[in-house]
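S.K.: Sequence:
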Amino acid sequence: MQQVEELLEKQAIHSFFLRLVGEEGIQLLLRFPDNGEHSDEELAEKTGINLNSVRHTLYTLYERRLAVYRRVKDNETGWLTYLWHLQLDQLEPVLAEDLEKVKEKLMARERYEEENDFYLCKTCGAMHTFNEAYKHDFSCTTCEVPLSHFDNEMLALALRRRLEAISETLG
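Everything in the sequence shown is counted per this note's numbering, starting at 65 for the first residue and increasing by one.
20 Å max Cα-Cα, derived SDA-like pairs, lysine to any residue:
hint	residue 1	residue 2
1	Lys169	Ala229
2	Lys74	Val158
3	Lys169	Met218
4	Lys165	Ser79
5	Lys74	Leu234
6	Lys110	Val68
7	Lys167	Pro157
8	Lys165	Leu82
9	Lys165	Leu130
10	Lys167	Arg225
11	Lys165	Leu227
It is worth saying that the hints were derived from the structure and are not from the lab.
From just these sequences and the hints, can you work out the full model?
M.R.: And the structure:
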């Protein structure tokens, strides 16, 4: 499917799908037949991808409104068949929604970094907030060695820059 290949050439979109459905899911997207609706069994057979992986990918895409199905009942057996097709024209709002969630998490992390003072154990690498360090007389709870003040300004700056980039992307 040419449209899928072009979408997946974009690093951000490829990373989104990799996180969402994994490498097998990406392979399903790339091998998904261009025309019509297809059952999960048919897709597994045509693509050579494990049926459980096909189903997992389809349901994950469905949860994000990137795939839809039509249910057909066999009147003789009573079995239901789900016929799937991709709906990748919905990708932009799904990506925007995903970025909003990332932005919220980064904002919470930025607040945490700016509202706290940190202390580091140079022996084991454990990080403590001021309150935790104070409770233990500025000694590591694991190693019992003195803690050193940790300047987190570089991390806070990186978070701010990432938030600015996301805000620009979202418009």
